[in-house]
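S.K.: All chains, full assembly: derive it from the sequences and hints.
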Amino acid sequence: MSVMSSVLLLAQEQAPAAPVRAEAPPVTAIWPILIVLGAACLSVLFEALLPKDLRWSFQVALTLLTIAAAGVKLITYVSDAPAAGETAMFGTLAVDRPALFLWGTLLALSLGAVLLIADRSVEPGGSFVATAAIRPGTVQDRAQVASTGMQTEVFPLTLFALGGMMTFCAANDLLTMFVALEVLSLPLYLMCGLARRRRLLSQEAAVKYFLLGAFASAFFLYGVALLYGYAGSVRLADIAEAAAGSDRSDTLLFAGMGLLVVGLLFKAAVGPFHTWTPDVYQGAPTPVTAFMAACTKVAAFGGILRVLQVALESTQWEWRGVLWGVAIVSMVIGAVLGLTQTDVKRMIAYSSVAHAGFLLIGSIAVTDKGLSSTLFYLLTYGFTTIATFGVISLVRDSSGEATHLSQWAGLAKRSPLLAGVFTFLLLALAGIPLTSGFVGKFVVFEAALSDGMGPLVVVALVASAVAAFFYLRVIVLMYFSEPAADGPTVTVPGAFTTAAITLGVIITLLLGIAPAFALDWASSGVFAIR
Amino acid sequence: MTPTYYLLLSALLFTIGAVGVLVRRNAIVVFMCVELMLNAVNLSLVTFSRINGGLDGQIMAFFVMVVAAAEVVVGLAIIMSIFRTRRTASVDDSNLLKY
Amino acid sequence: MSTSSTGSWLLAALLLLPLVGAAVVVALRGNDSTAKAAALAFSIAEFALAIVAWVQFEPGGARLQQAFSFDWIPAFGVHVSFAVDGIALAMIAVIGLLVPLVIGAGWLDKLPEGRTKGGFFALILLEQALTVGVFAATDVFLFYVLFEIMLIPMYFLIGSYGGARRQYAAVKFFLYSFLGGLIMLASVIGCYVLAVEQNGTGTFEWAELVKVVSTAPLETQIWLFLGFFAAFAIKAPLVPVHTWLPDATAEAPIGVAVLLVGILDKVGTFGFLRYLLPMFPLASKELAPLVLVLAVAGVIYGSMLATGQRDMKRFLAYVSIAHFGFIALGIFAFSSQAMVGSVTYMVNHSLATGMLILVVGMVIARGGSSRVADYGGMAKLTPVLAAMLLIAGLSSMSLPGTNSFVSEFLVLIGSFPNAPVYTIIATVGMVLAALYVLWLYQRVMQGPVRGDALVGAAGGPGTMVDPAVGAKKAIADLSGREKLVLAPLVVLIIGLGFFPKPVLDVVTPAVDATMCQAALADPVQSGERQLQCR
Amino acid sequence: MTGTINLAAEVQQASGVANLAWLLLVLPAFGAAVLLIAGRRADKWGHLLGSATVIGAFAYAVLLFFDTTSLAADDRTREAHLFDWISIHSLNVEFGLRLDPLSLTFVLLITGVGSLIHIYSIGYMSDDRDRRRFFAYLNLFVSAMLLLVLGNGFVTLYFGWEGVGLASYLLIGWYQGKDFAATAAKKAFLMNRVGDVGLALAIFLMFKNMGSTQYSVVFDKIGEQSTGVIVAIGILLLLGACGKSGQFPLQAWLPDAMAGPTPVSALIHAATMVTAGVYLIARSNPLYSLPQAEDARLVVMIVGAVTLLIGCVIGCAYDDFKKVLAYSTVSQIGYMILAVGLGPAGYAFGILHLLTHGFFKAGLFLGAGSVMHGMNDEGDIRRLGGLAKKMPITFITWTLGYLALIGFPFLSGYFSKDAIIAAAFSEGGSRGWIFGGIALLGAGLTAFYMTRLLILVFLGKPRWENLKSEDGRAYHPHESGWTMTLPMIVLAVGSVGAGAILSGVLPEWLAPTLGELVEEHGPLSHTVIAILTVAISAIGAGIAFALFGRREQPVTRPQRVSFPVRAARADLYGNHLNEALFARPGVWLTRFLVFVDNRGVDGLVNGIAAGLGGSSGRLRRLQTGFVRSYALSMLGGSILVIAALLMVRFA
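The listed protein sequences derive, respectively, from chains E, Y, W and V. Numbering of the first sequence is given in numbering that gives the first Met the number 0, commencing with residue 0 and proceeding in unit increments. Numbering of the second sequence is given in numbering that gives the first Met the number 0, commencing with residue 0 and proceeding in unit increments. Numbering of the third sequence is given in numbering that gives the first Met the number 0, commencing with residue 0 and proceeding in unit increments. Numbering of the fourth sequence is given in numbering that gives the first Met the number 0, commencing with residue 0 and proceeding in unit increments.
Just so you know, these hints were derived from the structure itself, not from any lab. Some clues are possibly wrong.
Stated by the list, open to error - In the EDC-like style, the derived pairs of lysine to aspartate or glutamate whose C-alpha atoms are separated by at most 16 Å in a straight line are: (1) V:389 / V:293; (2) V:177 / V:464; (3) E:412 / W:112; (4) E:368 / W:31; (5) W:284 / W:196; (6) E:412 / E:519; (7) E:412 / E:485; (8) V:467 / V:379; (9) W:109 / W:31; (10) W:500 / V:219; (11) V:207 / V:219; (12) E:368 / E:312; (13) Y:97 / E:342; (14) E:368 / E:519; (15) W:500 / V:379.
M.R.: The structure is reproduced here in structure tokens:
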């Protein structure tokens, strides 16, 4: 009823149409995005034009070059970027410090992910199906498993997803955000289904991810619509203005806000909107899982931060309590459900749910500290995750990856190095000092405490203590248990995977011991609010 | 006539879509329900732009349609592959991944 | 910020030497004998360094000496800064002494298949480095970091070299301490936030934080206090959060048990002195009754449970729990005598209980079982071993003439004026201590020869064999190596019983400083003396 | 009395011979250390070194004694500061010696009797392959005992106090292969520890109220303390004394302590250590002499009286040679405690009786040892008898000691015990009558059980002739070698003469420490009391003779006996009481706590873990794998979020 009346009220007065700025778009700021998307189109052409045997090498080269080039452009821009940030493309993109930080993070992470995707040494021919059209379980399927070809479309897909992510966390209005959301999601849906082995699981993951994703983006979109109805514009700044001082129906505002946030939380795999996470993480080909777990989270939380801090800051006292609840639920689900998982990838999935909870704590603290700490946490978490999945992809038996925990028993005896690296990564996920994981937790909790969220922090600490148990469980298995008779073998990784894992481990260690520089970047500036 | 009714209608459509997603088994139908939700949103977008007197709501609707079309492409591809494997499009049959 | 005084290189060396040693030993782990030799060499060198540090230390000098410090995370005002006061120095010296002995004691131990002596000793050296760091850290953040890292080598020492239920014990140990640590982390951050609120820029320098936090209102102090206390109480351990210790001690190899009980647990009581009292004086006074109750409960509860144990290593754990009760009592009775007593108790407990564990280890090595029921009349076969057990036992029941007497006496006499009732209850612990020590000695060493291994060696169940023939066969008395390991402890136990002055002199100034940071005055004043803070 | 209170002011610094006083401690300690460290290598000469060190100490003590007598009475209290032991701000515990008549008296007793018993042990332990260790322990004891009496503060006293406890533990448990010996040793140490707690608490009180634990300061300030503090300290000290001296209620350990070799019983559990309680109270006379300490003194007297009765009564019923002597010791120390409890009127007599008792009780024990040595360690007096002819020297020396003990006129016991009885009467009033009466009655009982002992062991038929000892050997009683008889002879001489000599000189010799002996005159004159005592003792002896002397005694103790005898045989149920009050509840409590710790405290921890695991196992079932249920949970979640948001806004 109140909706009705308020809308009626709203119908009377005519909001002035949003002014359209007509200056030429300053492209220097958004070169990275343009490069990535451009390269994505180019690599589609490669797929169309190049002979099969050349594609892989060309695609890999192109992708890596793209990321490198984008990175270079980014760095050159950062060196002389306005501290306050600027908007581009008629104000649809806000290129400010956080956005740049997130872009850097995304590029670096996707570099690692691409290395994993491109690897063909661990699994002959790479971990992607030769021809996605083949039905699983058929003769052809067995043939394609043996063959060394792979569906190189995964590379353009990756680039598109990356471009979408970069756009997503720089989007300055909700429509751009929605489009970017789809641009990053659709390729991921497909990539999930491209596993070379265990095709059934892979396809199932794809279906689930797709249906739920679409469902979620519908929510997101409806949220956008309601907010548009409330503010008369989808610009974050305008929404903030409207929310700060207006007599319009708050029902629209809060309903819209709710739906919008749900859409975002879904992408960020925050409980209770995490249900897709375990299944998809487990079913998708491991490199893709790495890409999703690391980059999607970064992008999603980039969006969450921007929406909460720019558009909804003035209403934080309304939504803060609710998000407290969500954070707690997420941490508890992640920590408790992780305890009894028997599949490594699934376990990491639940760990990522718990981490999403921690990240949310940082995002709730609507302060500069909250922003910078969350950004830093994203950086640390991303690299640790990439390396973790990289290691997981190395433990294999005849039927592919041996992800069942029981198969990991006594692994330290077979391959001390791998066990050592994995232990280190697990300790990082658990947040033991001298790993990036600890510094990340530390800064986030520090921000939360100084914003007066003591109880939440205590819950988080208890949760991470509980979560520590399942990390320890793996360590116990690897070190203190006798190896299984027909245990898996540890393949010696090729250059690509090695590079990816090394990158992740080094950054994890570096950020654990000398986090100062990264912290400075993360706190170098705040969202540009125009 | 007030635009409010259009809003209510779109809310109704959205709900129908959502419920449809929950109750229907066939992947195609589920997917169609999602499309229905998107279009419900389109309706309210257009309505709001009418209320606010700007055009951008209507433009947004076009964007949404394009995106929806893209989704259809991807979605049908995935559903097809599942269907060819299992000879059924029932979403309930694909639950190897659980617990 | 970076204060560097004479001998700071020394502290740095103390920290780095074991690390280097660990690395070298790992490198040599292929060859057991060289690895062992290297480990021993490094540990002895470390001990020598510790002695030099002891000599260099001027009791009358600055509160914290041999300090060095450099920035670590400027964004949070975190420094890598180390320094020692008398208390830390004493503990570091004890570590330096115990590690070589532990290595010597573990020289011939059988390890689980697939494990190398090199790995084992390397972990021990690593643990040593970390504990030295914990005691020497003067930056709260750094302290916390080392406090947590310290768990990892110990986790592997228990988990990969321990007994049958080692997995359970290791995980229990880790989770218990880790949880405590996390709760402390909340308080650590809380202190930092306070600092930021008060003077704009946050810092973790201990001295700075003391200034900031000690002036905070009672309410705040209590919360922060509880955070730290949780961690330290688990580490110490106080009743009722002690149950990880018996399991850990029972499953850990003997040498590791020595480090665990002798050194790691001291971090808890050290924390009481270094962090709780100076940083939260109001809260300390407010909550002292709580701690005292736990302490006294620990004394009685630990002692009674010790008498009820069937397993010698669990027995040792409960004995230590009782002793930690005394230490806590002395710290929170707020008199310089009691506090000095507690600090010396920390040292003496490491020596006495350390020796007790080593001796029990030698008993187990001969009898092949840790169940008390499997022993009896062993003194006939191994008189020297029996004597050693008795000496260690007498010290841990703090008989006059042994080091522990000095500390226990100081704790009790110092606590009496402020906390008479608690002290009287704790004094009952003296009787119980005699009870459990003599009980163990009688069951293991006296009476007719019992237990398969022993009877086998002695010939015929319960017969009074002539050791001259009976002992030689299977069960030999202490070997030269074992005597060498125990000798220093015996000398110190008796020596410090008569001349505790060297330790007291080093410790007292630090205690005075702590007392006056906590704004505490002695209940019994000798008149002419006034506390002045340094 | 005033003399005693400001006595602290007159403490002189030790000089000359007295500067070497530390030798007294170091000599025996050195012997012990050498013997223990040298190990088997020292087996050849160990006993010689052990004895030599103690004899040396004795020689020095004599020197010191004459040095002291050469001083004026007021300068005889001297202190030798060795080093600061424990010193923290207001607390300063120094390691120093106090050389005054009281401590010197004890030093002479300890080193003298100690030397004799060392010599005796050479023969007695000759066939024990660990004789060296035995001497090491004896030396350890002597050194600790000397520290106890020489220390110039309560903490040094406590040091010696526990030191002798350790030595006695080691020696009682000498035959550690036997469970009962080990148990007896443990029991002795534990009951002593109970007493030590009292002593410790007394020390804490002193520090709290007087800021020091040194005699000089404490005795100086004790007068200014409140009555409550004084009485408390007095009673706590008494508790300590009870533990060490086997006084009621802590007497039960002393008889069991007889499990040790006989020389140990003689030296530690008759002559020296068990009298430490008397020393403690005499030493604290500035406290007990205070008028405020009235109540404390009364308690002391009661304990003494009760104990002396208990000792006598149980002594009458036992058939174990050494246990009878042990209970006799208990009751004699009861006399001493009673005496020192009388205050200025009794301190000197207490010490006097302590000395004479030192002589004759040591002699009696050595005699017993000699008998058992010759009788395959047979301790059951019913299996002995008629040994007078077989071992004459033992018989004569033992009889002299016996006569001294029962207070035969003009032997040492006569002087010391009668003095105490007289002093007790002279307390005056009903108190005088009660305590005097008890003391008198005790004298009679003593005569009774000692006579019984004499008859059963030395007189009558040789019941052992057609018996075998438990290890199956026949008995071949024979006199012991000179190393054993010599000490017995010396002690016999002492027990004959000591009383006569000491009773004259001791009081004024001790005056600087204990204050002038206050002569009070009760209802009865001394002569009357003397006659009464002798008469009653004679009656006791007569009854004993009538009961045991004329009839043949059975070899096994008769089972069907009257209640009093049964009670006495059961130590008047003292052990049963401890058992019921402490031991059994303690065991139950321990079992209960072990259960609580495993099931309760640890159970809670594991329970939480299990709970988390279980709930996790159940919750993961919600992850059904059906995409539609996921969608439902999402929808539910979003509805909740929106509802919550709206509620926060509109409510």
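S.K.: State for each hint whether it applies.
M.R.: Structure-based check of all given hints:
For the suggested pair residue 389 of chain V and residue 293 of chain V, the alpha carbons sit about 53 Å apart, so the restraint of at most 16 Å is broken. Under the criterion of a C-alpha separation no larger than 16 Å, the hint pairing residue 177 of chain V with residue 464 of chain V is inconsistent with the structure, at around 28 Å. Only pairs whose Cα atoms come within 16 Å are accepted, and residue 412 of chain E paired with residue 112 of chain W is accepted, the gap being roughly 11 Å. Between the alpha carbons of residue 368 of chain E and residue 31 of chain W the distance comes to roughly 52 Å, so the proposed pair goes past 16 Å and is violated.
Distance check on the hinted pair: residue 284 of chain W and residue 196 of chain W sit about 25 Å apart at the alpha-carbon level, beyond 16 Å; violated. Note on residue 412 of chain E and residue 519 of chain E: the hinted pairing is violated, with a Cα-Cα distance of about 41 Å set against a maximum of 16 Å. Under the criterion of a C-alpha separation no larger than 16 Å, the hint pairing residue 412 of chain E with residue 485 of chain E is consistent with the structure, at around 14 Å. Taking the CA atoms of residue 467 of chain V and residue 379 of chain V, the gap is about 12 Å. The hint holds against a cut of 16 Å.
Between residue 109 of chain W and residue 31 of chain W, the direct Cα distance comes to roughly 12 Å. Compliance with the 16 Å bound is thereby established for this hinted pair. This hinted pair does not check out: residue 500 of chain W and residue 219 of chain V have alpha carbons roughly 27 Å apart, beyond 16 Å. Distance restraint check for residue 207 of chain V and residue 219 of chain V: the Cα-Cα separation of roughly 15 Å lies within the 16 Å cut-off, and the hinted pair is therefore satisfied. Simply put, residue 368 of chain E and residue 312 of chain E have alpha-carbon atoms about 15 Å apart, close enough for the 16 Å limit, and the pair holds.
Pair hint residue 97 of chain Y plus residue 342 of chain E holds up; C-alpha atoms about 11 Å apart against a cutoff of 16 Å. At roughly 11 Å between alpha-carbon atoms, residue 368 of chain E and residue 519 of chain E fall within 16 Å of each other, so this suggested pair holds. Proposed proximity of residue 500 of chain W and residue 379 of chain V is contradicted: the alpha carbons are some 53 Å apart, above 16 Å.
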